[in-house]
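Enquirer: In case you want the letters, here they are:
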Amino acid sequence: MITELGHFALILALCVAVTQAVLPMAGAARRHGGWMAAGNSAAVLQFLLIAVAFGALMHAYLTSDFTVKNVALNSHSLKPVIYKISGVWGNHEGSMLLWVLILALFGAMVALFGGNLPPTLRARVISVQAMIGVGFLLFILFTSNPFERLFPAPANGNDLNPLLQDPGLALHPPILYAGYVGFSIAFSFAIAALIEGRIDAAWAHWVRPWTLLAWSFLTAGIALGSWWAYYELGWGGFWYWDPVENASFMPWLVGTALLHSAIVVEKRDALKSWTILLAILTFSLSLIGTFLVRSGVLTSVHAFATDPERGVFILLLLVIAVGGALALYAWRAPRLEPGGLFSPVSREGALMLNNLLLTTAAATVFIGTLYPLLLEAMGGGKVSVGPPFFNATFVPLMAPLVAALGVGPMLAWKRADLAGALARLKVAAIAALALTAIIGYWQWGRPVLGTLAIGFAIWLGGAVITELVARTGIGRMPLRDSLARMRGLPRAAWGMSLAHFGLALAIAGSAGTAAWQEEKILVMAPNQTVSLAGFEVAFDGVEDKRGPNYVAQRGLFTVRRGGEKIDRMVAERRRYVVGGQETTEAAIRSTAAGDLYAVIGASDNKGGHTVRLYFKPLVLWIWLGATVMVLGGLLSLSDRRLRVGAPKRRSAKGVPAAAE
Amino acid sequence: MRRVLFLTPLILFLGLAVYLGFGLTRDARIVPSALIDQPVPEFALPPLLESGKGLATADLKGRVALVNVFASWCVPCRAEHPIWIQFAKDQKAPLYGINWKDKRETATRWLKELGNPYTGIGFDGDNRAGIEWGVYGAPETYIVDREGRIRYKHIGPIFAETMSGTIIPLIRELEGEK
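Chains as they are written, first to last, in the working numbering: chain P, 1 to 660; chain D, 1 to 178.
Hints are not guaranteed to be accurate.
Claimed, not checked - Taking lysine to aspartate or glutamate and the EDC-like style, the derived pairs with C-alpha atoms no more than 16 Å apart in a straight line are: (1) D/Lys61 x D/Glu161; (2) P/Lys69 x P/Asp166; (3) D/Lys101 x P/Asp604; (4) D/Lys103 x P/Asp604; (5) D/Lys101 x P/Glu4; (6) P/Lys606 x D/Asp126; (7) D/Lys61 x D/Glu175; (8) D/Lys61 x D/Glu42; (9) D/Lys101 x D/Glu147.
It should be emphasised that the hints constitute simulated quantities derived from the structure, not laboratory data. In this text, all values refer to a predicted model and were calculated from it rather than measured experimentally.
Input sequences plus hints: build the corresponding full structure.
Expert: Next up, the structure:
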């Protein structure tokens with residue numbers, strides 16, 4: 001019964017979304033206050049209805065109602081409650097429902113908190129948001145209905161893929177989607193602006209917080225996914241350049257570019273049509289990512305069950321949404337008035353360079369992801385380009401980006417003094433060079449690229465600190481004055497410094513791990529000891545353990561350093577009873593210097609076990625850096641300049657007051 | 001000129017859409033094996049059943065044959081099993097099994113319960129032959145031609161349509177080769 005209510009609520013949500021797409025758009029065109037205001041109520045109602053549908057599906061999971069096909073296929077009565085909940089979005093249908101739920105949530109947020117937007121702009125944004133919603137609600141109802149019943153009902157379910165039964169992955173999809181789908185708001189703002197035919201500083205001022213919010217979530221979601229891959233897949237890799245990872249990384253790269261170019265529009269009224277294009281592209285890449293993951297076009301470790309009918313539907317949606325948006329762009333964007341001029345060496349110029357490098361990087365990832373498909377289209381057979389391609393193309397693009405990133409914040413708007421900025425960064429540059437030389441000497445014979453990358457990270461970190469010191473006047477004035485200046489700095493400035501510093505940490509972490517990892521793969525007999533990276537690791541044997549829905553072998557290790565016992569580690573190999581799949585639970589001992597990582601493998605039937613041991617230097621810094629970046633984003637978001645009193649539009653002629 | 005510039009994104013996207021549309025017509029699940037058109041790897045597996053035959057490279061020469069990788073812990077294998085029982089009954093071609101990463105007792109019980117369609121079953125409990133064959137997971141099915149070369153690989157369970165639409169025609173075609 002509750003399931004049918006959920007289905008019904010979803011159908012109603014579609015009807016409301018259609019209204020929400022049509023009424024405010026027509027209202028904005030005819031300056032009809034009532035119609036425009038109706039869109040706001042519709043946006044909230046649509047969200048509530050989808051929330052009811054989502055709640056109904058969750059109810060079916062919590063009560064293990066196996067008459068619902070989706071539950072029977074993806075759940076099991078023995079599964080722990082948290083994974084019954086996360087099972088809702090651990091499958092194609094449920095995750096699409098989460099997708100539209102978040103889409104509607106963002107629409108409702110514009111309706112509720114967009115009081116300071118001009119009414120026509122707000123109405124159009126809400127309408128475009130609803131158009132996307134209509135497309136995806138149709139997709140769910142016609143090809144991916146999560147409320148389908150099953151008769152006769154099986155006695156028990158098929159269980160969720162055990163790899164997905166993990167706390168990190170329970171949270172990963174909602175956060176990632178909040179980022180992915182959050183960019184829909186920037187898209188809707190861009191389309192609304194193209195329809196209105198004007199983009200100005202005020203527009204950028206409204207778009208920025210939404211973009212920042214989506215960006216923070218996407219950063220957190222990607223980091224969480226990479227952390228999960230690190231500890232759960234049992235190889236200790238943190239990034240695989242897998243198509244699905246790339247699908248979330250491309251919107252991040254272009255979204256980061258958008259975040260920066262929107263600043264130029266806001267402060268200097270320049271780069272307008274470029275920023276609009278980025279807003280369209282960011283969300284388009286989210287949509288293309290959705291298509292790639294769900295259509296079966298590309299194979300991947302986490303591709304959802306494939307179904308050509310769904311693929312055709314999503315492709316159609318993609319063509320209408322992205323094709324429509326780009327057609328509108330081709331038609332309207334040339335009419336946008338060009339904005340302020342600036343010299344190549346200026347803050348604008350630096351941000352433009354950032355944009356060029358980030359979008360080029362996104363293009364490389366895009367080509368690397370789709371190239372295998374292209375080659376197949378030419379009859380070249382199936383290939384995977386894999387990490388070597390990305391390391392050879394993506395990494396060289398990041399080097400100038402990071403180098404320039406240190407200088408950019410020191411440059412003035414319009415026309416800057418490059419020599420002066422560089423002179424102020426002398427200390428950071430010397431420190432980076434000296435430390436790189438020391439590390440290079442100490443790590444002689446190891447991959448030189450790792451040392452260089454660490455050098456870039458030190459340079460960036462040093463430049464961020466130099467910039468903060470310059471701004472707060474530390475050393476140039478009494479400490480009390482500096483502290484007062486620190487307090488006086490806008491939160492957005494702190495946010496920027498934090499985010500940039502976080503990037504430095506993440507670069508150092510990934511370079512350290514990639515270049516200096518040590519590993520040993522061997523068969524270990526009980527009580528045997530191996531030394532690795534200064535540790536002595538003793539294998540104490542295995543014991544059996546029963547979990548709620550799996551049985552496991554636990555490998556026990558004792559870690560010593562210099563003969564002294566410092567820790568114990570437990571690695572597990574689980575076999576899930578229902579599906580028969582095996583997973584590895586690595587034992588990880590994390591410190592700031594690096595992680596000791598142990599995985600237990602099959603028995604050799606003579607009492608020994610295959611054991612993989614790794615030492616991964618600095619790996620924790622990757623996620624520490626990502627966390628710092630997210631904190632930077634959120635801190636920026638809390639800046640009062642972004643929250644209150646958006647500047648009034650310069651001309652308000654022809655726009656009637658909101659009738660609410 | 002300026003107009004053309006603004007049209008570029010749209011044109012590029014439409015090209016991409018055509019390309020993705022093409023991608024949809026392909027079945028990404030057919031992962032070609034590096035071993036396609038290569039001779040069967042050298043291997044010899046002991047029989048799973050005391051009374052039955054094992055499986056080795058030499059068994060796969062002379063006739064078009066199928067090799068099916070299965071395990072008792074694998075649910076999709078159970079799902080495809082009736083297809084193999086029928087296949088064996090029709091005697092289209094010899095069907096060999098590789099019992100992969102399994103235990104003898106449970107595999108024997110499994111076959112007793114569901115029936116044994118295999119001409120010979122090699123027991124590969126420690127995945128030694130599986131590595132040679134490049135097995136991703138169970139079930140997998142290979143078609144081997146008369147010369148003992150692997151000509152086709154299917155990952156995942158085989159259902160009626162794959163059987164009648166792909167497997168059977170391919171067997172006929174290979175049998176027709178000189």
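Enquirer: Would you mind marking each hint as holding or not holding in the structure?
Expert: Evaluation of the provided hints:
no.: 1; hint: D/Lys61 x D/Glu161; in the structure: violated (27 Å)
no.: 2; hint: P/Lys69 x P/Asp166; in the structure: violated (23 Å)
no.: 3; hint: D/Lys101 x P/Asp604; in the structure: holds (13 Å)
no.: 4; hint: D/Lys103 x P/Asp604; in the structure: holds (14 Å)
no.: 5; hint: D/Lys101 x P/Glu4; in the structure: violated (43 Å)
no.: 6; hint: P/Lys606 x D/Asp126; in the structure: holds (13 Å)
no.: 7; hint: D/Lys61 x D/Glu175; in the structure: holds (13 Å)
no.: 8; hint: D/Lys61 x D/Glu42; in the structure: holds (12 Å)
no.: 9; hint: D/Lys101 x D/Glu147; in the structure: violated (28 Å)
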